[in-house]
Structures are given as structure tokens and as C-alpha cells.
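Undergrad: Spelled out from the first residue to the last, the chains are:
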Amino acid sequence: MTERLETRFEALKKEGRAGLVTFITAGDPNPETSLEILNGLPGAGADIIELGMPFSDPMADGPAIQLSSQRALNNGASMIRTLDMVNSFRERDDATPIILMGYFNPIYRYGPQRFLDDAISIGVDGLIIVDLPPEEDDELCHACLTAGLNWIRLTTPASDNNRISSVLRNSSGFVYHVAITGITGTRSAEIGELEATVKRIRTQTSLPIAVGFGVRSQSQVRDIGRFADAVVVGSALVNTVKSALEKKLTKRQIASKVHDFVTELATGLR
Amino acid sequence: MNPVVPITDSYRSGPDDSGHFGIFGGRFVAETLMPLILEVNQAWQQYRNDENYLADIKYYAEHYVGRPSPLYFAKRLTEHLDGAKIYFKRDELNHTGSHKINNTLGQILLARRMKKHRIIAETGAGQHGVAAATVCALFDLPCVVYMGETDIERQAPNVFRMKLLGTEVVPVTSGTATLKDAMNEALRDWVANVEDTFYIIGTCAGPHPYPEMVREFQSIIGRETRDQIMQYENRLPDVLVACIGGGSNSIGLFHPFLDESSVQIIGVEAGGLGIDTGQHAASLTGGQPGVLHGNRTYLLQNADGQIRDAYSISAGLDYPGIGPEHSWLHEQGRIEYVSVTDQEALEAFQVCCRTEGIIPALEPSHALAHVIKIAPTMSRDQIIVMNMCGRGDKDVFAVAEALGETL
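These protein sequence lines map, in sequence, to chains H and D. The numbers in our numbering rise by one with no breaks, and the one at position 160 of the first sequence is 160. Here our numbering = 1-based position in the second sequence + 1000.
Hints were generated in silico from the structure; no laboratory data involved. Computed from a predicted model, the values in this text were never measured in an experiment. Among the hints, a few may not be true.
To be verified - Some chain H residues judged to face chain D by a derived CB distance under 10 Å, without partners named:
| id | residue |
| --- | --- |
| 1 | Tyr108 |
| 2 | Pro134 |
| 3 | Thr156 |
| 4 | Gly182 |
| 5 | Leu207 |
| 6 | Ile209 |
| 7 | Phe213 |
| 8 | Gly225 |
| 9 | Phe227 |
Using N, Cα and C, we set each Cβ at its ideal position, and we do this for glycine too.
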């Protein structure tokens, strides 16, 4: 298994704080700007990077992430370019864990084994493939774990203890708990209920637990960071890209807007 | 009579417990959706053979939908083509004007048993949306139908029908604003409303158990056809023909005949402006296997696995995928899949109006175009059954425009 994730979670534990996981879509709004955003994330305060692989039909995501996928695809995003982006990032940063998040079809077309080989060789640390539940583990999960990449799965408020245990089987790296029933970037969770659910999941696993969906402000990050091991922010970041584009800002200015927002969020955990 | 076919050699034994037809089908959905899918499957397995449930479906099918639909000998068309005898299975005579209500009826009766109080559906042409809105009015359940903005513009009469029936039609602007995006939006609604909502999928696609469930509800078409043709001709047909978008009317007609080796089965996809132009909706003829909307199946996509837009003059065939069972039957070679262009379908549409006094929907006009090609090559004692799965009232504006007429 690649060790960056484990090392990072151990370091966070020593610091006595939760980590910040930042989601951006690879190639959004275009390859150059996206790389500039990616490269600056660790410096801005991101502890773990979740990089979205654009897909035309992201059915578990809300409008913000779907639009970011479309911007990326309209400007030439592809699987090869996403992997190239990770490769360039790794040349300057060999410590920050990178998780690729996406849907199965682009991987299926690319070739699952070829994808795993390429992902490992350029320094990817784990995968979140939204539409591959435990029922479809033969498609990619087993090969992924054999290859030494982390396989990260989602638990939801609707998962009962039996379901959580099927989800945890063959999970590694961390558990991504979905705070709300719904899609990304919509309503926010009630904090007390969320804490109780995270506690319930903890009784079933020793893996770190990250919480995401509907998290968009420093105060939410701070509140969730009190009981979770990491907090994920996604839609709010890609919305920052969108509004910066609408203001016709330059590549550097767009990246700064995103980085400033990440720093603001990260402050909530320090 | 039924030859005894060992189960392993049967084309009718799928899917397996995990919803696979060979490599196709499955449950490729987000974890957020998984508890819902499992709940639907549990209810479906519990009720699929329940006497009370089946009696309920039968009652409404007879008294409300108007089943059985006639199997009609198209005498003038047969004489016009001077070849095989042509029968139409008249599912366009169902209440709401298409086969879609066979499915919405079965699903809403299941939703009621699951104590779900809110219904959602997706629609392209609006036929499934109308069929869902209809049963929701009948059973007094609130209904939300997701429909691409592009489709709302070109299917105004059906949008108004749904509104009259008390359904809320939500325009979908994401992605390409067509049927596939409407399905994405419906899935998003479903994960956000876990407790009270049932999703009535309109075709034999989606995560398990939908492809199987929809097929079972639509198989009434083939079962009736079988009884009727035995009664009229005392033998099975030589050829079955049906059009395919997602594939629900066709699997409904075909499934009860799959193990009859004497019956040749042909599915007709929408060739749009021609397969070579890339402007079509023929997933099997012009696509590759992939994963979308919960199942592995043939999809229209680019080399990078991004889903391409489908195109057809018929909004009901305009979907970039196809039910997984069709993908399997295609690879098994049991069914022959062909395609027909917009132009050929339009010509068949007009032939049908004039020879039979039936205004067909543009969807079965595709099937008819293929019948027109093959009937003259067959002998007069051979029999073709074609599924007339929808009536054409909804299409008169589109046809007028295509023929250059102003209404």
C-alpha cells in the first residue's frame, strides 16, 4: 500500500487536529489553471487532495461539480491529461496524498489494469469510484488493493450497521462518510446527528473517518473537525472557480481565490 | 407447445441474483443509492409471485388499461407489400396511448406495498412521464417528472398532459438537457429523499432489479401475442419485430419467445441521419460496452468514456444506452439488431396511415420500416408480428415539420 495517506493521518494525530481534504476537478476550468490550483493547495493548507476525474454524467454529484466537469471536458480534459497533472504535481510534492475520485466508465474505457498501473507509477494514493459499490468489487476494487492502492468507500446516513460492515470490508486508507442523504453541494448536516453517526461507524473500524458533502464554511469545518479525522470540501471550492471565471479573472487570480479560500477553511482546524 | 429447455440453455433465465446478464447489467450505483436499490429488490422479490399483487395488476390491466390489446391482421399492408402476413400487436390502444403504462402500473402497485408516498420518474418523449402521471392520479400519489429542457420544448402536448394529471414537471438544464440528464436528476432526487420516494424507471435499464422488473411487466405483450397467434394461426410467428430505444416494448414482446428457435427476432434501433454520420441513437450498432445509470451495457460514448448525445427524429428512441439484457442477447446472437433512418421511419409512418388507417408513433414507425424491407422477401404463408407500441398523435407536429408542412 502506498504510505502517504497513513503517514499523513499519523502526523495529523500528533498535531492533534483533523485534516482538510480539498476536492477540485482535474482540468477545471482548463489544464493550465487547474494545475496552478493543484500545485498551490498544500501551501494553502490542504492536507489531502481529492482530484476529480471529469465525467459527462456524474449522477451522485450536484450541479456545482457537474458544471466543473463540463468546463473541464469542454477544455480538453481526458484521463491521460488527469494522470499527467498528478505526474507534474508529484515532481514538486512527494508527501501530500492524492486520491482520484470519479465514475467507472472512463476507467473501463481506459482499461482497468492499465489505469491502476499508471496511477501507481505516477504516485496516486487511493481511489474513490463513486459507482462501484461492494456488490461490484470484482470490477476494480480487488485489483486495486492487490496493486497497492487504497480503495476508499463512502458510508451514508442511510447505511445501517450491516451495510457499514459490507462497505468497510475491502476499504482502506480512510472512510469517507457522507454527511447528508443527497448529492454533493446541497444542504448541510445537523451536527449532533452527524457526530452520533461518526461515533457509530468508529465502533466498526479503526480507519480514519473523513466527513464531506454540504461542507462549505470555516465554522462547519471547525465543528466537524472536533469529532472527524478529516473534513472534505468540494463544491464550495469549484464554485469559487466558477465565480472567479464569471469575473473574468486571470489564471493566477483564479488560483489565488481558491487558495485563499482553502487557507480560510484550514484555519478552522488549527 | 413449450419445448422443454434446460434452464442453463435458456435465453430466459437471466439475470442472476446480482442482476447480471452475462457481463451486462449489475448495480453500478453510488453508496448513497445502494440502500434504496436493495430495498426495491427485496420488495420485488417478495411480491413478484404474490397472488394478491398479481391479481391487482390484472384487475387494472383489464379494466383501466384495456388489456388484452388486439393482435390485428394488417390485411391491406400485407397486400400492399405482397409477402409475409403482417400482424400488429396493438399496444398503442392502451390507455395513455403506449405500452408504457404496463410498467408504471406494476411499479406503482409495488410502491404502494412499500408504503412509499411520493413518486418520481424521468421522461424523454413524455410517454413514460404521462403513464407515470396517470397512475399517480389514479392512486392519489404526488408525482414529480424530470424532463430535459430540450425535450420539454419539442414535446409540449405531453408536458401539458402531465400537468393536467396533477404532476409537477421539472425542467432539467444540466448536461445536454435530454433524457439521460433527466435520469441523472431523478437519481439525485431519489438519494435526497430516501425515506418516502419510489423511482419509477421507464425502461428496462438502470440498476438491478429494474431491468428484470420492467421486462416482467412488459412481457404481458409477448404472452398475449403468443396466445393470440396460436388462436388465429395455430402456430408461432416466423419473425418478431420491435423498435428499441431503451428496449422495454421490444423485450416485452420478445422475452416469451426467446427459447423458440423457429422464431426469428429483430430489434430495430434508431439510425437517425445514418450510422456513419454519428447522428443516431443506435447503441448496439454504433456503441461500445460501458457503465452508465447503474448498469453495464452498450453505450454511445467517445474513446475517453464520456457519454455522447443520441439523436433520432423520435424522442422516445433518443437515449445513448440500451437495456442490459439486449446487450447480452446481442452478444449471444439470439436477436438480430438492425437500424432504420429518420427518413425510412417517416416513409413507413405515412404508409401505415394510408394503408391501415393507423397513425403510428415515430418509434414503432422504425419497426415498421424494417417490416416493409423484409416482408416482400418472405413467402405468403410466413408470419411477421410487429409491436405497434405507441400511437402517433404526439408526433404529428414533428412529422409535419419534417414533411415541410405548416400547421
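Undergrad: Hints first: check each against the structure and report whether it holds.
TA: How the hints compare with the structure:
1. Tyr108: holds, 6 Å
2. Pro134: holds, 8 Å
3. Thr156: holds, 5 Å
4. Gly182: Result: holds, 4 Å to nearest chain D Cβ.
5. Leu207: violated, 15 Å
6. Ile209: This interface hint is violated because 14 Å lies over the 10 Å limit.
7. Phe213: Holds - the Cβ of H:Phe213 comes within 10 Å of chain D, reaching about 9 Å at its closest.
8. Gly225: Because about 23 Å separates H:Gly225 from the closest Cβ in chain D, which is outside the 10 Å limit, the hint is violated.
9. Phe227: violated, 21 Å
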